[in-house]
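Construct the entire structure; sequences and hints are all you get.
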Amino acid sequence: MAEAVKSYRQVQAEETRIRIAQSARRLFAAQGYGATSIDAIAKDAGVATRTIYSAFGTKREILSLICDLWLAEAGALERAQEVFAIEDPTARLRAAAGWLTNLYAAGFDVVLIFEAATDESPETKALLRAKLAGRNQVMDAIIESLQPTLRIPLPQAQAIFRALAAPGVYQELVDESDWTPADFQQFVADSLTRQLL
Numbered sequence: 001m002a003e004a005v006k007s008y009r010q011v012q013a014e015e016t017r018i019r020i021a022q023s024a025r026r027l028f029a030a031q032g033y034g035a036t037s038i039d040a041i042a043k044d045a046g047v048a049t050r051t052i053y054s055a056f057g058t059k060r061e062i063l064s065l066i067c068d069l070w071l072a073e074a075g076a077l078e079r080a081q082e083v084f085a086i087e088d089p090t091a092r093l094r095a096a097a098g099w100l101t102n103l104y105a106a107g108f109d110v111v112l113i114f115e116a117a118t119d120e121s122p123e124t125k126a127l128l129r130a131k132l133a134g135r136n137q138v139m140d141a142i143i144e145s146l147q148p149t150l151r152i153p154l155p156q157a158q159a160i161f162r163a164l165a166a167p168g169v170y171q172e173l174v175d176e177s178d179w180t181p182a183d184f185q186q187f188v189a190d191s192l193t194r195q196l197l
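In the UniProt record's numbering, the protein residues as written are 1 to 197.
None of these hints come from the bench; they were simulated from the model. Every value quoted in this text rests on a predicted model; they were computed, and no experiment measured them. Wrong hints could be hidden among the right ones.
Here are the computed distance ranges between Cβ atoms for each label pair [said to hold, decoys possible]: (1) Glu78 to Pro153: 26 to 32 Å; (2) Asn102 to Gln195: 17 to 23 Å; (3) Ile86 to Gly57: 40 to 46 Å; (4) Glu120 to Ala166: 19 to 25 Å; (5) Gln12 to Ile160: 44 to 50 Å; (6) Ala35 to Ala72: 25 to 31 Å.
For glycine and all other residues, C-beta sits at the position ideal for the given N, C-alpha and C.
What follows is the structure in structure tokens.
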């Protein structure tokens, strides 16, 4: 019985953490990371301020959960595994463009929150670098998996994918120039295949 109560409490605590993260994501996107207070997040989430400090400790930890939830929602890991499973190099590059586009389409607001939060404390910068490193590692590994078929040196090929994946490129084309995510995906796929294979 005590174990069932503990499990229920754990589920409740996790649901509360997710609700807080969802409120914070909305507020960070609307008001900015630095301008959003813990009190404002608590009010939006319908919890006491002390609950947020108990569940997270800092805004930075909320940001970390927001990122984890976004990556899970986008199916980032599963989709990356699907990309690696594709044998044909051209098809693998096109799937890599799809992986990137899906990631941005599922949560470009999170990407922009991260960009805005880089002006914060050294600890926040370190967290953001670590989260970004995971994305870069996947992209680099995809390109490395194609090394025998690349027509340019590996570091250059990886740099091209990273440049196409720069948030400013997606923002300029999709947010500012009214491209659809499908247009962006096609652009990245065509660029990668033309430049790399």
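Hint by hint, here is what the structure shows:
1. In this structure, Glu78 and Pro153 meet the distance hint of 26 to 32 Å, their C-beta atoms being roughly 30 Å apart.
2. A hinted range of 17 to 23 Å holds for the C-beta pair Asn102 and Gln195, which are about 21 Å apart.
3. A hinted range of 40 to 46 Å for the beta carbons of Ile86 and Gly57 is consistent with their spacing of about 41 Å.
4. Take Glu120 and Ala166: their Cβ atoms lie about 21 Å apart, and the range 19 to 25 Å holds.
5. The hint said 44 to 50 Å for the Cβ distance between Gln12 and Ile160, and at roughly 47 Å that hint holds.
6. Ala35 and Ala72 have their C-beta atoms about 27 Å apart, which keeps the hinted 25 to 31 Å range intact.
Going down the numbered hints, you'll see the structure goes against none, and every one checks out.
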